[in-house]
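One line per chain: the protein sequences are E, S and X, in this order.
Mapping of the first sequence onto the working numbering: position 202 corresponds to residue 202, and the numbering continues sequentially without gaps.
For the working numbering, count along the second sequence from 1 and bump the result up by 1000.
For the working numbering, count along the third sequence from 1 and bump the result up by 2000.
By construction, these hints were calculated from the structure, which means they are not laboratory data.
Since we're looking at a predicted model, the values are computed, not measured.
The reader is advised that the hints may include incorrect statements.
To be verified - DEER-style ranges, computed between Cβ atoms:
id : chain 1 : residue 1 : chain 2 : residue 2 : range
1  : S       : Tyr-1059  : E       : Gly-30    : 46 to 56 Å
2  : X       : Pro-2227  : E       : Asp-103   : 41 to 51 Å
3  : E       : Ser-174   : S       : Leu-1021  : 25 to 35 Å
4  : X       : Thr-2039  : S       : Leu-1130  : 37 to 47 Å
5  : X       : Pro-2286  : E       : Val-88    : 19 to 29 Å
6  : S       : Phe-1206  : E       : Asp-6     : 32 to 42 Å
7  : S       : Tyr-1059  : E       : Ile-37    : 18 to 28 Å
Claimed, not checked - Okay, derived cross-link-like pairs now, DSSO-like style, lysine-lysine, Cα gap no bigger than 30 Å in a straight line:
id : chain 1 : residue 1 : chain 2 : residue 2
8  : X       : Lys-2263  : X       : Lys-2086
9  : X       : Lys-2246  : X       : Lys-2217
10 : X       : Lys-2267  : X       : Lys-2032
11 : X       : Lys-2078  : X       : Lys-2276
12 : X       : Lys-2082  : X       : Lys-2290
13 : E       : Lys-101   : X       : Lys-2216
14 : S       : Lys-1047  : E       : Lys-235
15 : X       : Lys-2267  : X       : Lys-2139
16 : E       : Lys-101   : X       : Lys-2217
17 : X       : Lys-2217  : X       : Lys-2151
18 : X       : Lys-2216  : X       : Lys-2078
19 : X       : Lys-2263  : X       : Lys-2290
20 : X       : Lys-2216  : E       : Lys-12
21 : X       : Lys-2151  : E       : Lys-12
22 : E       : Lys-101   : X       : Lys-2276
23 : X       : Lys-2216  : X       : Lys-2151
24 : S       : Lys-1022  : X       : Lys-2151
25 : X       : Lys-2078  : E       : Lys-101
26 : X       : Lys-2077  : E       : Lys-101
27 : E       : Lys-12    : X       : Lys-2168
28 : X       : Lys-2239  : E       : Lys-12
29 : X       : Lys-2216  : X       : Lys-2153
30 : X       : Lys-2267  : X       : Lys-2257
31 : X       : Lys-2289  : E       : Lys-12
32 : E       : Lys-101   : X       : Lys-2153
33 : X       : Lys-2246  : X       : Lys-2298
34 : S       : Lys-1022  : X       : Lys-2060
35 : E       : Lys-101   : X       : Lys-2168
36 : X       : Lys-2239  : X       : Lys-2276
37 : E       : Lys-101   : X       : Lys-2082
38 : X       : Lys-2298  : X       : Lys-2276
39 : X       : Lys-2267  : X       : Lys-2217
40 : X       : Lys-2077  : X       : Lys-2263
C-beta atoms are modelled at their ideal positions from N, C-alpha and C, and glycine is treated no differently.
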Amino acid sequence: MNYNWDWGVFFKSTGVGTETYLDWYVSGLGWTIGISIVAWIIALILGSVLGVMRTVPNRIVSTIATVYVEIFRNVPLLVQLFIWYFLVPDLLPENLQEWYKQDLNPTTSAFLSVVVCLGLFTAARVCEQVRTGIQALPRGQESAARAMGFKLPQIYWNVLLPQAYRIIIPPLTSEFLNVFKNSSVASLIGLMELLAQTKQTAEFSANLFEAFTLATLIYFTLNMSLMLLMRLIEKKVAVPGLISVGGK
Amino acid sequence: MDFSGIVPAIPGLWNGMLMTLKLMAMGVVGGIVLGTILALMRLSPSKWMSRIAGAYVNYFRSIPLLLVITWFYLAVPFVLRWITGEDTPVGAFTSCVVAFMMFEAAYFCEIVRAGVQSISRGQMGAAQALGMTYGQMMRLIILPQAFRKMTPLLLQQSIILFQDTSLVYTVGLVDFLNSARASGDIIGRSNEFLVIAGLVYFTISFAASRLVKLMQKRLAV
Amino acid sequence: MRIVPHILGVAIAAAALISTPVSAAELTGTLKKINDSGTITLGHRDSSIPFSYIADASGKPVGYSHDIQLAIVEAIKKDLNKPDLKVNYNLVTSQTRIPLVQNGTVDVECGSTTNNAERAQQVDFSVGIFEIGTRLLTKTGSSYNDFDDLKGKNVVTTAGTTSERIIKAMNADKQMGMNVISAKDHGESFQMLESGRAVAFMMDDALLAGEMAKAKKPTDWHVTGTPQSYEIYGCMVRKDDPAFKKAVDDAIVGLYKSGEINKIYAKWFTQPIPPKGLNLEFPMSPELKKLIENPNDKPAPEKKA
């Protein structure tokens, strides 16, 4: 058997500068969290707008949102990522292209591709949740608001959305956790997030099992803690009398 | 953009697509079998069974599929060698199939569990009153109805897996995406092949999800 | 110091001459596995032009190292007296090749793998099959001609290669402020260079010449810069399996002694190669000639330019 177990490997020097392998994990985790948060903000805003668009009584508007959802849900995430990373920069106007490709730090441009990709991908899914949430509300709510003279934006902003968000917290939580897990695709375009650092550690140190075990533990712990946290929040803000619409 | 290189590459792309479909089919079949077993464990009266299955599901649902694929690819042969004591060649294909089966089982388990729970409790009571065992009751009464109800959800999850198989890119298994990347790269036309790959994935997934929706309407009681 | 590899080379050559087919009873390790299963699994690359790459839709690898690999298979067929030995191909990347040899997925990998002391702790290397220098590929006529010109610039290299380590260490030591991009394979690295995302691509010179061969306009690019290291490629086999390593070594030395290697070299480096029919015009270096005269499995001696 030619495998040397060494759980102390994380405190060893990597041979690049003065970094230890643990430093790599810390910086990788930082990128993973950074990607997840920025992508989630994009997804939540865009997804809410699209979700509202799908429910408004206007055919053109709702069709646009439907087309968006179908496109972004039916192309694999990895293909979308390659399109954002390799293809889209080539389509920019000449001078913008030069700035993006040469002056921008490559880590920044990889980061941009990933957050835009993940944000837009997840927006399609958030859209469906928001739509479900809105449609789950009793129709009387909308009619009552209309009767009181509310305009359409007011109905959404003051009446429908606040309640819809509260009942779709569980599916939104699982969408956020999906963003967190999906951020690992960034490793395939050379962004040194958690999975990429793990692979690099496995390769540099030859301690494959230790490297992957640590990564698994980090993902698992973060995921579980987030889930428990969201469950608490969910209980706090539950709308009395309305059961949550879980599921896909 | 110059799409003239596509036609000579079609045989390679077709082989890649066959690989993608094979991965998906095996992942779905294995995932459903394992997932059903896990769901029965979760619902079983035994606390321990239910805990083990619960832990399994939580574990696989909280780590990225990409991590599972990479991990299995590199580690499974080592583990097998520790068990069997000799070199057991496990190619990218086998390790990816195993990764998909085990990963998807966690998701299929939840679908099956929800399906079983949607069957009215009265039926379980009636089965027990007839003196059926847990196994008999599940096999003869509950599961056939549950599967009918959850077929659309299972198919939707399969479409998701169809897209997720593209992640085998990371271990160099030549599926549809990887064959498109390789055929594009070798003639310096990566972007064109990327666009084609996106279109093909879209067409298949879109058509499949439409079919599932139609079926859902027909199956609705 | 040069005498040591020389003696070793003679010893290996002598061993090759007196080697006879081994009988099944004494087989161990990989040879036993190959004999029992009737299959051998070869590791190959998809974009290490012209060493091991996929040139067309068939998906079959071709290249210099691949031809050597096939010669090894032929020799093993004879050794084991198994003319119908089945050959499996397993695609590897720079990052997966070592674990895959270690974990038993791949029996032998001839691609573009540098033999160095660190890797030799994880796998065993055959006698050397090529010698390269790590250099740069940049745009012809650009102002980037050597490593010093790259301060503060975007430089791409392939993840899991010796070049990646060298340039990351250089960047840290000399505080050059380069942005090092690690792409998944040589094809993606070159795509980053060609699309202008990086001003230079650091890699083994022969591979850089190979990448040029598939460029939209090969004359736009040139290999330049002071070599940062000289490295010897070897085929990888599992560690501590002397019988299999010997079979591999014998096969390669056989190619060297018969002069067959010159034909293989010419086929990939001085004649048009697929898929575009470009000639790399990369004549055999004196170092490689020496290596072929005195085959040995040592890493290249440390000599920094």
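Against the structure, the hints:
For the pair S/Tyr-1059 and E/Gly-30, the beta carbons lie near 24 Å from each other, so the given range of 46 to 56 Å is not met. Between X/Pro-2227 and E/Asp-103 the beta carbons are some 29 Å apart, a value that contradicts the proposed interval 41 to 51 Å. A hinted range of 25 to 35 Å holds for the C-beta pair E/Ser-174 and S/Leu-1021, which are about 28 Å apart. Distance hint check: the CB atoms of X/Thr-2039 and S/Leu-1130 are about 54 Å apart, inconsistent with the given range 37 to 47 Å.
Taking the beta carbon of each, X/Pro-2286 and E/Val-88 are about 47 Å apart, not inside 19 to 29 Å as hinted. Checking the proposed 32 to 42 Å range against S/Phe-1206 and E/Asp-6 shows it is violated: the Cβ atoms sit about 49 Å from each other. The beta-carbon spacing between S/Tyr-1059 and E/Ile-37, approximately 24 Å, falls within the hinted interval of 18 to 28 Å. Between X/Lys-2263 and X/Lys-2086, the direct Cα distance comes to roughly 26 Å. Compliance with the 30 Å bound is thereby established for this hinted pair.
A threshold of 30 Å between alpha carbons decides the hint, and for X/Lys-2246 with X/Lys-2217 the separation of about 43 Å lies outside it, so the pair is violated. Among the hinted pairs, X/Lys-2267 with X/Lys-2032 is inconsistent with the structure: their alpha-carbon atoms are about 34 Å apart, more than 30 Å. Between the alpha carbons of X/Lys-2078 and X/Lys-2276 the distance comes to roughly 35 Å, so the proposed pair goes past 30 Å and is violated. In summary, the hint linking X/Lys-2082 to X/Lys-2290 is not supported, as the alpha carbons are separated by about 34 Å, beyond the 30 Å threshold.
For the hint pairing E/Lys-101 with X/Lys-2216, the CA-to-CA distance comes to about 19 Å; that is within 30 Å, so the pair holds. Annotation: proposed proximity of S/Lys-1047 to E/Lys-235 holds, straight-line Cα distance about 26 Å (limit 30 Å). Simply put, X/Lys-2267 and X/Lys-2139 have alpha-carbon atoms about 27 Å apart, close enough for the 30 Å limit, and the pair holds. Between E/Lys-101 and X/Lys-2217 the alpha-carbon distance is near 20 Å, which keeps this suggested pair within the 30 Å criterion.
Distance hint between X/Lys-2217 and X/Lys-2151 is fulfilled; the C-alpha atoms sit about 27 Å from each other, no more than 30 Å. As the CA atoms of X/Lys-2216 and X/Lys-2078 are separated by approximately 43 Å, the hinted pair breaks the 30 Å bound. Taking the CA atoms of X/Lys-2263 and X/Lys-2290, the gap is near 17 Å; set against the 30 Å cutoff, the hint holds. Using a Cα cut-off of 30 Å, the hinted pair X/Lys-2216 and E/Lys-12 is violated, with the two alpha carbons roughly 44 Å apart.
At roughly 29 Å between alpha-carbon atoms, X/Lys-2151 and E/Lys-12 fall within 30 Å of each other, so this suggested pair holds. A threshold of 30 Å between alpha carbons decides the hint, and for E/Lys-101 with X/Lys-2276 the separation of about 28 Å falls inside it, so the pair holds. Restraint check for X/Lys-2216 and X/Lys-2151: satisfied, since their Cα atoms lie roughly 28 Å apart, inside the 30 Å limit. A hinted pair counts as satisfied when its Cα atoms are at most 30 Å apart, and S/Lys-1022 with X/Lys-2151 does not qualify at roughly 48 Å.
At most 30 Å may separate the alpha-carbon atoms for a hinted pair to count; X/Lys-2078 and E/Lys-101 exceed this at roughly 54 Å. Distance restraint check for X/Lys-2077 and E/Lys-101: the Cα-Cα separation of roughly 51 Å exceeds the 30 Å cut-off, and the hinted pair is therefore not satisfied. Note on E/Lys-12 and X/Lys-2168: the hinted pairing holds, with a Cα-Cα distance of about 18 Å set against a maximum of 30 Å. Annotation: proposed proximity of X/Lys-2239 to E/Lys-12 holds, straight-line Cα distance about 24 Å (limit 30 Å).
Our distance criterion of 30 Å between C-alpha atoms is met by X/Lys-2216 and X/Lys-2153, whose separation comes to about 24 Å. Distance hint between X/Lys-2267 and X/Lys-2257 is fulfilled; the C-alpha atoms sit about 18 Å from each other, no more than 30 Å. Taking the CA atoms of X/Lys-2289 and E/Lys-12, the gap is about 40 Å. The hint is violated against a cut of 30 Å. Straight-line distance between C-alpha atoms of E/Lys-101 and X/Lys-2153 comes to about 11 Å, which keeps the hinted pair within the 30 Å bound.
At most 30 Å may separate the alpha-carbon atoms for a hinted pair to count; X/Lys-2246 and X/Lys-2298 meet this at roughly 15 Å. Restraint check for S/Lys-1022 and X/Lys-2060: satisfied, since their Cα atoms lie roughly 20 Å apart, inside the 30 Å limit. Restraint check: the Cα-Cα separation between E/Lys-101 and X/Lys-2168 comes to about 21 Å, which is no more than 30 Å; the hinted pair holds. The straight-line distance between the Cα atoms of X/Lys-2239 and X/Lys-2276 is roughly 38 Å, outside the 30 Å bound, and the hint therefore fails.
The straight-line distance between the Cα atoms of E/Lys-101 and X/Lys-2082 is roughly 55 Å, outside the 30 Å bound, and the hint therefore fails. A hinted pair counts as satisfied when its Cα atoms are at most 30 Å apart, and X/Lys-2298 with X/Lys-2276 does not qualify at roughly 35 Å. Between X/Lys-2267 and X/Lys-2217, the direct Cα distance comes to roughly 22 Å. Compliance with the 30 Å bound is thereby established for this hinted pair. For the given pair, X/Lys-2077 sits about 22 Å from X/Lys-2263 by alpha-carbon distance, which is consistent with the 30 Å threshold.
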